[in-house]
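Q: Sequence:
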Amino acid sequence: MGDEGGAPVPSPQQARAQASAITSGKAAPEAEVSPSSQLRTLFDRPRLSPGQRRIAQYLIEHITEAAFLSITDLADRVGVSQPSVTRFASAVGFSGYPALREKLQSIALGTLAGGPAEEIRGNELQAAVDAEIENLENLRRDLADPNLVIDIGRKLSSSTPLTVLGLRISVSLAEYFAYAARRIHPDVRLVTRGGSVAYDALLQSREAGGTWVLAFSMPRHAQETLTAVRVARGAGLKVALITDLALGPLADEADVAFATGTGSRLVFDSYAAPGVMCSALLQAMTDADPERTQARLEEYEQVADQHHFFLRD
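Under this note's numbering, the sequence shown is numbered contiguously, ending at residue 314.
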């Protein structure tokens, strides 16, 4: 569709594909962050047990006091054992509680000396949104150098077929990615069932000439996802993984892992940052082959208009 005698008017999706190409560059310096934001960055990335989350939340809410507590006093305040505090310190990347307390004290002293004021604490739903904003800020920092995303997007684009794997709770992210990828890629194969069904699909993808699998693994991480990734690697497929942990058996098995935080403040996790990571890889795929992207989007728009797929807004 377009002006009579003129060039076709691109759809909004086509215009975004043309205008939003990823370019290399460095992010601007980050603004100074509040103590609670610093602590969420420190605590939100690892996968913490419920008891460890209680410790983290207490430290976030009482940083100026808690930073100077002994391990015994902190355990008593939170209602956990001293070994639980030690395991928490290890889980968030410290050699022990003394090293963690030293870090907490540096943050607390910055607050007492006139550093950034603490955020006004809202309700639990607002806290969950705050945690997701922090995950997105962390992802933004990770994408300061987009070259890895650009490179993997190019490789996913060139893999025909391209297999997208997501099992159990990760199905929704895999379905979203596959749905969008089919607009710009000629052969996208979605695998959402484990066991022998996944094995067959992965082996057939390799036999058909595929070279890459994009896998999703959100907590709780399924054993069958790890098994499927190993099957893919054994068949000669490369694996790109979107997950919440940079360390662990799944990340170890993948050829490249994009670790993005998940929102874990509510009963069920939320996936703002993994969703943006999906969109970034999709954008990189469109940039990798702009001619194919444009042709496929134009063809799809013609079919959509012909069959009235969408309401006219």
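Since the hints were made in silico from the structure, they are not lab data. Just so it is clear, CB atoms sit at the ideal spot from N, CA and C, and this is done for glycine as well. A couple of the hints might just be wrong.
Derived lysine to aspartate or glutamate pairs resembling EDC-like cross-links, with alpha carbons at most 20 angstroms apart [as the list claims (entries may be wrong)]:
1. Lys239 <-> Asp270
2. Lys156 <-> Asp270
3. Lys156 <-> Asp146
Pair ranges (Cβ atoms, derived) [what the hints assert, rightly or not]:
4. Gln127 <-> Ser71: 52 to 62 angstroms
5. Phe310 <-> Gly80: 13 to 23 angstroms
6. Gly52 <-> Gln127: 34 to 44 angstroms
7. Leu149 <-> Pro291: 16 to 26 angstroms
Q: If a hint holds in the structure, say so; if it does not, say that too.
A: Tested hints:
{"no.": "1", "hint": "Lys239 <-> Asp270", "result": "violated, 28 angstroms"}
{"no.": "2", "hint": "Lys156 <-> Asp270", "result": "violated, 30 angstroms"}
{"no.": "3", "hint": "Lys156 <-> Asp146", "result": "holds, 18 angstroms"}
{"no.": "4", "hint": "Gln127 <-> Ser71: 52 to 62 angstroms", "result": "violated, 32 angstroms"}
{"no.": "5", "hint": "Phe310 <-> Gly80: 13 to 23 angstroms", "result": "violated, 55 angstroms"}
{"no.": "6", "hint": "Gly52 <-> Gln127: 34 to 44 angstroms", "result": "violated, 24 angstroms"}
{"no.": "7", "hint": "Leu149 <-> Pro291: 16 to 26 angstroms", "result": "holds, 20 angstroms"}
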